[in-house]
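Participant: Fit chain B to the supplied structure of chain A, relying on the hints for placement.
Protein chains: 2
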Amino acid sequence: MPVIAVDAMGGDFAPEEIVKGVAGASLATAIECVLVGDEPRIQAVLDTLSYDPSHIRIHHAADAVGMQEAPREALRAKRDASISVGAKLVAEGQADALVSAGNTGACLLACAREFRVVKGVRKPALASVYPRHVDHPGQDPLALLLDVGATVHCDAADLVQFAVMGNAWARRASKTARPKVGLLNMGAEPFRGGDVLAAAHERLAALPAIDFIGNVEGSDVAEGRADVIVCEGLLGSVVLKFIEGIAGVVNDVASYAVRQRLLWRLGMRLLSGGLREVAHLTEHAAYGGAPLLGFEQLLVKVHERSRAPAIANAVKLAAKTVRDGVVAEIAAAVQEVRA
Amino acid sequence: MPVIAVDAMGGDFAPEEIVKGVAGASLATAIECVLVGDEPRIQAVLDTLSYDPSHIRIHHAADAVGMQEAPREALRAKRDASISVGAKLVAEGQADALVSAGNTGACLLACAREFRVVKGVRKPALASVYPRHVDHPGQDPLALLLDVGATVHCDAADLVQFAVMGNAWARRASKTARPKVGLLNMGAEPFRGGDVLAAAHERLAALPAIDFIGNVEGSDVAEGRADVIVCEGLLGSVVLKFIEGIAGVVNDVASYAVRQRLLWRLGMRLLSGGLREVAHLTEHAAYGGAPLLGFEQLLVKVHERSRAPAIANAVKLAAKTVRDGVVAEIAAAVQEVRA
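Going line by line, the protein sequences match chains A and B. Under our numbering, the first residue of the first sequence carries the number 1, and numbering increases by one thereafter. Under our numbering, the first residue of the second sequence carries the number 1001, and numbering increases by one thereafter.
Worth flagging that the hints you see were computed from the coordinates, not collected in a lab. The C-beta atom is built at its ideal place from N, Cα and C for all residues, glycine as well. Be a bit skeptical, because a hint or two may be false.
Claimed, not checked - Have a look at the derived ranges for each label pair, beta carbon to beta carbon:
| no. | chain 1 | residue 1 | chain 2 | residue 2 | range |
| --- | --- | --- | --- | --- | --- |
| 1 | A | Ala209 | B | Leu1049 | 52 to 58 Å |
| 2 | B | Ala1206 | A | His153 | 20 to 26 Å |
| 3 | A | Glu296 | B | Lys1175 | 57 to 63 Å |
| 4 | B | Ala1206 | A | Glu336 | 27 to 33 Å |
| 5 | A | Arg338 | B | Arg1122 | 37 to 43 Å |
| 6 | B | Arg1079 | A | Ala332 | 27 to 33 Å |
| 7 | B | Arg1122 | A | His60 | 54 to 60 Å |
| 8 | B | Ala1070 | A | Ala332 | 37 to 43 Å |
| 9 | A | His153 | B | Ala1070 | 24 to 30 Å |
| 10 | B | Gln1094 | A | Asp155 | 24 to 30 Å |
To be verified - Here are some chain A residues the structure puts well away from chain B; computed CB gaps all over 12 Å:
| no. | residue |
| --- | --- |
| 11 | Phe13 |
| 12 | Pro53 |
| 13 | Ile56 |
| 14 | Lys78 |
| 15 | Gln94 |
| 16 | Gly325 |
| 17 | Val337 |
So that you can see chain A by itself, here it is in the shape it has in the complex (with noise of 0.2 Å):
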């Protein structure tokens, strides 16, 4: 079973939800954790909760980093910051995988600086899991977008290893033998986006190993044609964030269409709780949050109002990925493409 560190400290429910999910997944599953982070309050979380002692470990951090920290500063400041003391962990090998729900530039600042970067990857990319519309049985309900903030501006082979690793991802933890990998952009045509797009593309409808779909534009994203959507950190960064962002909106513009309409409004109310449903999935409560690539280790990034089963869900992804090889399966395909 594959040992899971978690940053006990980060998030904007840290400690009590983040323990409170480790302590849940104990309970459902056999996957061992180590919370990281300051142990006494730790334990007392762990206290008042029902947990199996057998799936948890403390391992005790002295420091935090805050949600509003810079975060180069920070980790200057806190050598022994519950993110790098976990990030050390996995890197050492005494954990497989690492979980945060905290401030996400110094989640990637401490996988940086300790984490190894796989032969021949020239940027790492945060990905992130979404749901999408579903055409036909047995297709994940689940795509992945990257990269979502890892970097800000991408050249074309960037772009190119994205697009290798979020297809080896695909195919081993959607089990999806041929994803189908999109450029996001803001037309179809081959040429549009400029310079880096245009040449992006070009290479990607040239490799073999990919099965490209072409261009995919911003209504493409929700309504899943691609498996797999690659992007600068800049866009995927502002296109998730609008995902979050979605149930909020529509909420709000049906509000406002239905003002009038009985029907619309006792259906609205009935509906309510659902759009709730809506928010807690696009807030990747449900799916379990953004691995990031290109990495010979792994962290998965859950959003910072996570709460317990968002955590659980992470930790469950983080095992899945660490027994389904996934990062040795994307190791494969880069060295692959490179020759």
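Facilitator: Chain B alone, transformed into the frame defined by chain A:
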């Protein structure tokens, strides 16, 4: 009363729905429309409708650009394309503004050829009017996102000018004394998003003419914190298409979530009309389209899938924009910031 030239041949449902929209506007308003396109076909559609003939003229144009045609090649081959003829009518003062649901690239190119750029404007921008969350009474339920596709990449000076133009639009068209202007980015911190966005942030923060609220993220687009959101065309275009796809995905995600719950299922059924209405709203039908800012003449671009009500609304938006003197307001604002 303003005279509005309407490209009768552009759009997925042209000329039928375009002519129907103009016929509707002719009965409901005193706006004078010039339908530009294939006269016999336009007249044949008009003959099936009730309309006020004193408010509608036809200006013949023999050619039309197809929705899938490459813009540059199409405009070269089709000298008498309806979009070019319509743009010329406006440039020559025979009409006050142009409305088209046609090929976006061809619209932008025809305007770039026929219209005059406002003195001092670096790049015109396509500005999408979209529905957002309303916090307080009197707040405009619509906000402005620009650029959504007239550019691909931009430098900091371009983005600052988009802010100035969008601010002038919101002040005049939405009667907002001090519109809140945000910069679309991947994080709230001023240094985020690379050199161009960091420089744009610094310049906007130093500009007294603008109430700059800093970086806004994807989730803020929907939540309506800003009256005007500025970004390069690649980013804006992807986000806009995403907005248009919202209703679909929410329907799907909600269906997925509600599968097991009778109450929700009932709510969904009652709401399905409402969701169609949301799709309708997000397809620009209800609020008029995307004005192209930065030219001395005005184009209002509407979605390719627009039907008659969307066309009628776009005609009203164009007429209101002309009456409000928005173009002059933008020109004055650009001059003021340059001085």
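Participant: Next step is simple, just say for each hint if it's right about the structure.
Facilitator: Hints, one by one, checked against the model:
Taken as a hint, the range 52 to 58 Å holds for the pair Ala209/A and Leu1049/B, whose Cβ atoms sit roughly 56 Å apart. Between Ala1206/B and His153/A the C-beta distance comes to about 24 Å, which sits within the given range of 20 to 26 Å. Distance hint check: the CB atoms of Glu296/A and Lys1175/B are about 58 Å apart, consistent with the given range 57 to 63 Å. One distance hint, 27 to 33 Å for the beta-carbon pair Ala1206/B and Glu336/A, is violated here, with the actual separation near 51 Å.
Taken as a hint, the range 37 to 43 Å holds for the pair Arg338/A and Arg1122/B, whose Cβ atoms sit roughly 41 Å apart. For Arg1079/B paired with Ala332/A, a C-beta distance near 56 Å fails the hint of 27 to 33 Å. Under the hint 54 to 60 Å, the C-beta atoms of Arg1122/B and His60/A, about 57 Å apart, fit the expected range. A hinted range of 37 to 43 Å holds for the C-beta pair Ala1070/B and Ala332/A, which are about 40 Å apart.
Between His153/A and Ala1070/B the Cβ separation comes to about 28 Å, which falls inside the hinted range of 24 to 30 Å. About 48 Å separates the C-beta atoms of Gln1094/B and Asp155/A, a value inconsistent with the hinted range of 24 to 30 Å. The beta carbon of Phe13/A sits about 18 Å from the closest Cβ of chain B, which is more than 12 Å, so the claim that it is off the interface holds. Under the 12 Å C-beta cut-off, the non-interface status given to Pro53/A relative to chain B holds; the minimum distance is some 34 Å.
With a cut of 12 Å on Cβ distances, Ile56/A stays outside the contact zone with chain B, its closest approach being about 31 Å. Under the 12 Å C-beta cut-off, the non-interface status given to Lys78/A relative to chain B holds; the minimum distance is some 19 Å. Under the 12 Å C-beta cut-off, the non-interface status given to Gln94/A relative to chain B holds; the minimum distance is some 32 Å. Chain B leaves Gly325/A outside its interface by the beta-carbon criterion, the shortest separation being 29 Å against a cut-off of 12 Å.
Every CB of chain B is more than 12 Å from the CB of Val337/A (nearest about 26 Å), matching its label as outside the interface.
Hints 4, 6, 10, counting from the list given before, are not met by this structure.
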